[in-house]
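Quick mapping for you: the protein sequence lines, in order, are chains A and B. Its first residue numbered 100, the first sequence is counted upward by one per residue in my numbering. Its first residue numbered 268, the second sequence is counted upward by one per residue in my numbering.
Do not rely on the hints blindly, as some may be mistaken.
Stated by the list, open to error - Partial pick of chain A residues on the chain B-facing surface, computed with a CB cut under 8 Å: (1) Asp134; (2) Arg173; (3) Arg182; (4) Pro185; (5) Glu195; (6) Ile198; (7) Ala199; (8) Gly205; (9) Ser207; (10) Ser208; (11) Val211; (12) Glu225; (13) Tyr229; (14) Thr233; (15) Gln235; (16) Ala238.
Hint data in this document are derived by calculation from the structure and do not stem from the laboratory. From a predicted model like this one, the values you see are computed outputs, not experimental measurements. Each residue gets a CB set at the ideal place from its N, CA and C atoms; glycine is no exception.
Take a look at the letters that make up each chain.
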Amino acid sequence: MKPVPANILLADDDPDDRMLIREALQEGRLAQTLDSVEDGEELLGRLRDHAHQPPRLILLDLNMPRKDGREALREIKSDPKLRRIPVVVLTTSDSEDDIARMYDLGASSFIVKPRKFEHVVEMMRELSRYWFDTVQLPAPAE
Amino acid sequence: MSKPHKPITILLADDDPEDRMLAHDALQESRVANRLDMVVDGEDLMDYLHRRGPYASLNGNPLPGLILLDLNMPRKDGREALREIKSDPKLRRIPVVVLTTSRAEEDIFRTYDLGVNSFVTKPVTFEQLVEVIKTVSRYWVEFVELPSS
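Isolated chain A (complex conformation):
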């Protein structure tokens, strides 16, 4: 039996940030389930591991060791089995360069990480309302 699939897969190397997002989902009483990985290498490994159902949405940090978010996004968007999964970049960077490059590489949107917990809660609410209540996501591939 496959493990229960998580709706959202978060790739972030900072344990505090991973915990904040998990707590924000609870605080906002959002129905989404979250799974996380610590860098791009682990993200690609997880996405290509058939023991795991693919997530409906990926939240991707940019600056991570081993394989950063830019390289991970490039690989996801050039893999015919993975490319249709929407990837939202979630980063502390607000450089014009990063924004343009990530959209060019096929990011679905780009969000600057808020610092305050209440703003993280608001962000998760907004993300949930948009991606899970308004948008049609592609059905998970088998």
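Given the coordinates of chain A, work out where chain B should sit on it, guided by the hints.
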């Protein structure tokens, strides 16, 4: 958390005049102050984006910050226009949201494969349409970072 309103132009591509009017009214209703431009099919959309033909005078103006794209249109449909936009290095970074009556799996799959930023099915009633347009425009105009045009 929501940021100052970005003064982007929203571009709507839809062949149905009534649907264009409804989307326009829904944007007004949701108090989105952004400029809304409208084109009537995929050919018209590509002329607008390339600033040619009837749109040559727009040359030098910033490109739209968001494209709302219907799928079924004459001359050039939304799928073909999306393919062209997402394979053009000058245009591909502009977010494209498909806004269609279709909810077919096939359309959802294919447009995500082509690089659509999101796929939204138009609801039936005007009230629901206002809600959807409100959520979509707030997400893109106030919430996310957009590439500068």
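Outcome of the hint check:
no. : hint   : verdict
1   : Asp134 : violated (21 Å)
2   : Arg173 : violated (13 Å)
3   : Arg182 : holds (6 Å)
4   : Pro185 : holds (7 Å)
5   : Glu195 : holds (6 Å)
6   : Ile198 : holds (5 Å)
7   : Ala199 : holds (4 Å)
8   : Gly205 : holds (6 Å)
9   : Ser207 : holds (5 Å)
10  : Ser208 : holds (4 Å)
11  : Val211 : holds (6 Å)
12  : Glu225 : holds (6 Å)
13  : Tyr229 : holds (5 Å)
14  : Thr233 : holds (5 Å)
15  : Gln235 : holds (5 Å)
16  : Ala238 : holds (6 Å)
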